[in-house]
Amino acid sequence: MLHGPKGWYAIYDEPAPRSGQRNRMVEAWHPETGDALVMGDRGLTPAADLPGFQGFDQCAHSIGAIPAADGWREAWRTEDGTIRTAPVVGWMIGANSIGNALIFDDDFCLVSTSSPAPGRAPETVIVPPGADATERWNNMYGPEPK
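Following this note's numbering, the numbering of the sequence shown begins with 52 at its first residue and continues without gaps.
If you are wondering where the hints come from, they were derived from the structure by calculation, not from laboratory data.
This structure is a prediction, so every number in the text was calculated from the model and none was measured.
Don't take every hint at face value.
Unchecked claim - What follows is a set of in silico ranges between Cβ atoms, one per label pair, in the way DEER data are often shown: (1) PHE155 to GLY115: 17 to 25 Å; (2) ILE114 to PRO82: 25 to 33 Å; (3) GLY181 to GLY85: 45 to 53 Å.
Using N, Cα and C, we set each Cβ at its ideal position, and we do this for glycine too.
Could you put the whole structure together from the sequences, leaning on the hints where they help?
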């Protein structure tokens with residue numbers, strides 16, 4: 052019998068053009084081998100068998116989420132040096148965190164700023180309503196791309 056572990060995810064490196072990391076939730080543990088199983092193209096698959104597998108990390112326990120007020124944004128620098136933004140749609144409240152911003156990535160998947168969406172650098176900055184995203188970015192990370 053398979054048991055849902057609730058609390059772990061597998062990390063994968065994504066090839067170009069979506070370069071970056073992508074996470075898949077561990078859905079179950081194999082009852083005989085103990086392998087972590089994630090959803091693959093053909094159903095539950097050992098996490099390590101999928102391309103780009105890097106390892107595992109434990110999920111923070113989420114307590115709830117609240118909607119964000121209009122105007123909050125997350126900003127990040129793309130590989131070509133452009134500062135991009137996405138509206139913050141809510142705040143995820145976790146047992147070990149004050150709150151991570153929730154945004155929709157380019158594939159319209161809801162993601163938390165605690166785990167960068169594919170194609171984005173891990174460095175992000177939260178921009179409050181009325182603030183300039185580029186100025187806020189430059190104050191945090193400097194004007195030059197790393």
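Against the structure, the hints come out as follows:
At about 19 Å, the beta-carbon gap between PHE155 and GLY115 stays in the expected band of 17 to 25 Å. Evaluation of the 25 to 33 Å hint for ILE114 and PRO82 yields a pass: the beta carbon distance comes to about 31 Å. Distance hint for GLY181 and GLY85: a CB-CB separation of about 52 Å, consistent with the stated range 45 to 53 Å.
Comparing the model with each earlier hint shows no violations; every hint is respected.
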